[in-house]
Amino acid sequence: MPLNRIASTVGLALFAWSLSVSVSVAQQKDPEEMAIIKVRICEQQPGEKEPLVLSQPMFQTMLGQPASINVGGTAQSKVDQTEHPIGLRLDVDVKRAASGYAVKLKWLRGQHQQPANDPDTEIFTEEKLTAHTTVKEGKMKKISLSATKWCELTIQDPRKLAQAESDATAQSRAPHWRGYTELPTVSAAPAYPSTRGGHWMLEEKKPPIMQTRPSGN
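Using mature numbering (1 follows the signal peptide of the UniProt record, and there is no 0), the letters of the sequence shown map in sequence onto residues -26 to -1, 1 to 191.
Please keep in mind that the hints were generated in silico from the structure rather than gathered at the bench.
Please note that a few of the clues may not be correct.
As the list claims (entries may be wrong) - In silico DSS-like links for lysine-lysine, alpha-carbon gap of 25 Å or less: (1) LYS116 to LYS23; (2) LYS80 to LYS113; (3) LYS134 to LYS69; (4) LYS78 to LYS116; (5) LYS115 to LYS78; (6) LYS80 to LYS123; (7) LYS12 to LYS102; (8) LYS78 to LYS110; (9) LYS80 to LYS116; (10) LYS12 to LYS115; (11) LYS110 to LYS69.
Unchecked claim - Label-pair restraints from in silico Cβ distances: (12) LYS102 to GLN50: 18 to 26 Å; (13) LYS23 to MET114: 15 to 23 Å; (14) GLN87 to THR122: 16 to 24 Å; (15) THR95 to SER140: 52 to 60 Å; (16) MET36 to THR122: 29 to 37 Å; (17) VAL45 to GLN18: 34 to 42 Å; (18) ASN91 to MET114: 38 to 46 Å; (19) THR56 to LEU28: 21 to 29 Å; (20) LYS102 to GLN55: 22 to 30 Å; (21) GLN50 to ASP131: 36 to 44 Å; (22) GLY46 to ALA105: 42 to 50 Å; (23) ALA72 to GLN34: 17 to 25 Å; (24) SER51 to LYS134: 44 to 52 Å.
Ideal Cβ positions, reconstructed from N, Cα and C, are used throughout, including at glycine.
Based on the provided sequences and hints, a complete structural model is requested.
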C-alpha cells in the first residue's frame, strides 16, 4: 500500500477517534443529563424552636451514574484494632422517571465518643438510611426517619437553575422608574411629564393665578 494511502487511512482513523472522544465528552457534560442533589438530615427534639441540621451535602452528578461523597473515613479501636466508619458517607443514584426522578439514597453517619469518666471504653455509633423514592424537579421531599428526625431531598435541573439565575440578573439590570421595572404607559403618565436629566419626573400641574383689577366705582 502506498505511503500516502497509509497516511490518509491513519489520518481518517485518528480524526474519527478524536471525533468520537469529543462527542463522548460533550455528552458527559451535557446539562440535560446532569442533576443537582441537595440532602439535609435534620433533628428537632420536643421543646426546641429550631431543628438541628446534622448534615447537608449538595453536589452535581450525571443521571444514571452512581455518585458518592465520603467525608471522614474510618477510626480504629484501641481495644481490638477494629475499624469503624467516622464522618459522613452518601451514595446516590438518580434516574429520570415519568413523575420526575427516581432516587436511590444511602446515607451513613458515624461518630466516635470517649466517655470522660471511663477512659478504657470507646463508643462507636452509626446512623444509616436507605431510601427508594421519586422526587419532582425543584420540589423538596421530606422523608420521616423517626419521631424527631427527617431527611429533606431536593433535585434540580441545572438548565432551569441557570435560566432562573440569568432571568434574575436581567431583571436586576432592567431600567427602573421610581421603583417600577417598566416606564409608565401613555395613559398612565402625568399630564405634564418632564425628562430633565434623562429621567422621568413628575411635575405637579398648578392652577392658573387669578388676578383681579379694582373696579372704577
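Results of checking the hints against the structure:
{"no.": "1", "hint": "LYS116 to LYS23", "in the structure": "holds (19 Å)"}
{"no.": "2", "hint": "LYS80 to LYS113", "in the structure": "holds (20 Å)"}
{"no.": "3", "hint": "LYS134 to LYS69", "in the structure": "holds (17 Å)"}
{"no.": "4", "hint": "LYS78 to LYS116", "in the structure": "holds (15 Å)"}
{"no.": "5", "hint": "LYS115 to LYS78", "in the structure": "holds (13 Å)"}
{"no.": "6", "hint": "LYS80 to LYS123", "in the structure": "holds (16 Å)"}
{"no.": "7", "hint": "LYS12 to LYS102", "in the structure": "holds (18 Å)"}
{"no.": "8", "hint": "LYS78 to LYS110", "in the structure": "holds (14 Å)"}
{"no.": "9", "hint": "LYS80 to LYS116", "in the structure": "holds (15 Å)"}
{"no.": "10", "hint": "LYS12 to LYS115", "in the structure": "holds (10 Å)"}
{"no.": "11", "hint": "LYS110 to LYS69", "in the structure": "holds (12 Å)"}
{"no.": "12", "hint": "LYS102 to GLN50: 18 to 26 Å", "in the structure": "holds (21 Å)"}
{"no.": "13", "hint": "LYS23 to MET114: 15 to 23 Å", "in the structure": "holds (21 Å)"}
{"no.": "14", "hint": "GLN87 to THR122: 16 to 24 Å", "in the structure": "holds (19 Å)"}
{"no.": "15", "hint": "THR95 to SER140: 52 to 60 Å", "in the structure": "holds (57 Å)"}
{"no.": "16", "hint": "MET36 to THR122: 29 to 37 Å", "in the structure": "holds (35 Å)"}
{"no.": "17", "hint": "VAL45 to GLN18: 34 to 42 Å", "in the structure": "violated (23 Å)"}
{"no.": "18", "hint": "ASN91 to MET114: 38 to 46 Å", "in the structure": "holds (42 Å)"}
{"no.": "19", "hint": "THR56 to LEU28: 21 to 29 Å", "in the structure": "holds (25 Å)"}
{"no.": "20", "hint": "LYS102 to GLN55: 22 to 30 Å", "in the structure": "holds (23 Å)"}
{"no.": "21", "hint": "GLN50 to ASP131: 36 to 44 Å", "in the structure": "holds (43 Å)"}
{"no.": "22", "hint": "GLY46 to ALA105: 42 to 50 Å", "in the structure": "violated (21 Å)"}
{"no.": "23", "hint": "ALA72 to GLN34: 17 to 25 Å", "in the structure": "holds (23 Å)"}
{"no.": "24", "hint": "SER51 to LYS134: 44 to 52 Å", "in the structure": "holds (47 Å)"}
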